[in-house]
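Sequences and hints are given; from them, build the entire structure.
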Amino acid sequence: MSGIEIEGLNVWFGEYEERVDAVKGANLSVPKGGSFGLVGESGSGKSTILRAIMGLAPTWSGKIEILDKPVENPRGRDFYRAVQMVFQDPYASLHPRHSVDQVLSETLSLHGFTDIDKRISKLLDDVGLGPSFRFRYPHQLSGGQRQRVAIARALAPEPQILLLDEPTSALDVSVQAEILNLLTDLRAEHKLTYLMVSHDLAVVGHICQDIAVMQVGEIVETLGVEDMRAMRTKHPYTKHLLESSLQSAAG
Amino acid sequence: MSKLLEVENLWVKFPTRTGVFDAVRGVSFSLGQERLGIVGESGSGKSMTGRAILRLIRPPGMVTADKMELEGVDLLGRSEREMRKVRGQQISMIMQDPKFSLNPVMRVGAQIMEAYRLHAKVSKKEAKLKTIAMLEAVAIRDPERVYRMYPHEVSGGMGQRIMIAMMLIPDPKIMIADEPTSALDVSVQMQVLEIMDKLVTDRGMGLIFISHDLNLVSSFCDRVLIMYAGRVVETLQADKLHEAEHPYTRGLLNSLPRLDAPKDRLDVLKRDPAWATDESVSG
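In order, the protein sequence lines correspond to chains A and B.
Each step along the first sequence adds one to the number in the working numbering, with nothing skipped, and position 31 is 31.
Each step along the second sequence adds one to the number in the working numbering, with nothing skipped, and position 89 is 1089.
Each hint should be verified, as a subset may be incorrect.
[Unchecked claim] Residues from chain B shown here face chain A by an in silico Cβ test under 8 Å; the list is partial: (1) 1186; (2) 1251; (3) 1262; (4) 1281.
Calculated from the structure, these hints are not laboratory results.
Don't be surprised by glycine CBs; every beta carbon is placed ideally from N, CA and C.
This is the structure:
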């Protein structure tokens, strides 16, 4: 069974002379329970693919299938129950005047759950926060704790697929390790499917089994993580990316 | 080696409702004609150290030090007016994000020229020639065209190179680079660093490179100060980074995922409260 199946996806913004093709003919497929990474520079269209899946990019064409079913337009409640997204910047993606409890209970009641109280405690436990964080506001949390809340919110409707848009790039390396470990644990525990976007090859290599490299809107190469580690790449751009990331890591 | 900058027992304090918060606690270091890296997490006081040297911390923030001297001349006692002569001309600073540090309604060339003419008495024509030469020095193709562009028309990497050009044109003795490449892509990052490195070495300047990226700093600098909770926990020769002894430095190094050495779980930094209270190490 496939988790996410994308064929010939085009996403564009603007019309006529102002038209910008952000994604051109992208193909990718993520098996259920798999984890897939998208890497590339800023502006290469990797986040746009995630936004197109979520229904946040209005103009697209091609085929998007989630759990073997083509997506509806607009996306329905069932879709959002199956697919959730974690955004890049935890400082921007939480409502500053809603407490953690409000954030989570809103999501839960929107999805029709009734045992909200019990579920909130469970969710906070899952992301390693504990009950003392339940009535705090975002400004009372550190960056890593906020990202944990954002992950808890994404997990609230019990999704099968999580889309992760640079989940650790706004965090310190020491906190990044905690969040990456959390994501690994959650995937094993809830049998989640991940589609992750990052510019950091080492992070993608740590989380994902398959990696697609994007350049100016096109997927130039898809390769497995073992191939990537062994530098078995075909496309010169992938090689260039790998070399610059190894160079900065080798010291 | 002659010392360009000497800092002894530098403190930066901010009064808050719950008492005085010490952002920098007793930091001492000296800088010659070398590349000194300052690394730490957010909130470790690394940017505050950089700002304190330029006296950019405004009241109610307080800066005290036993000694803060630029080539043997005291910096702390100077008036604002005298400080303005130091900033740019003797010590310049590159900020994190070119989008916020370039003037959006002024053409690139005019901004660089302004920086130059404030410090050097030259005609407009000479200043323009020098500006274009400087843009060429930071590897901008077609400098005449970029000279006439507005900041929103250039990419992030080019914006940061323009910032470098602007900061180097008064020929300062010390450059402070505060996360100069964190807003850039990996592939552009190396390019900007190479340009900066070449210019700093050619001119015999001292560089203070502030970053959260341990590996980047170790590949780029001669010496590294590692800061935690406002104090320096360890100083190292950059090439000996992997022999670091302090548990904090080790923890930071181990928490990075690595392409060449995969593992199932990443090590998580365990913080020891003693790290925050120990005496600062001098570098």
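Now the hints, each set against the structure:
no.: 1; hint: 1186; result: 5 Å, holds
no.: 2; hint: 1251; result: 7 Å, holds
no.: 3; hint: 1262; result: 7 Å, holds
no.: 4; hint: 1281; result: 20 Å, violated
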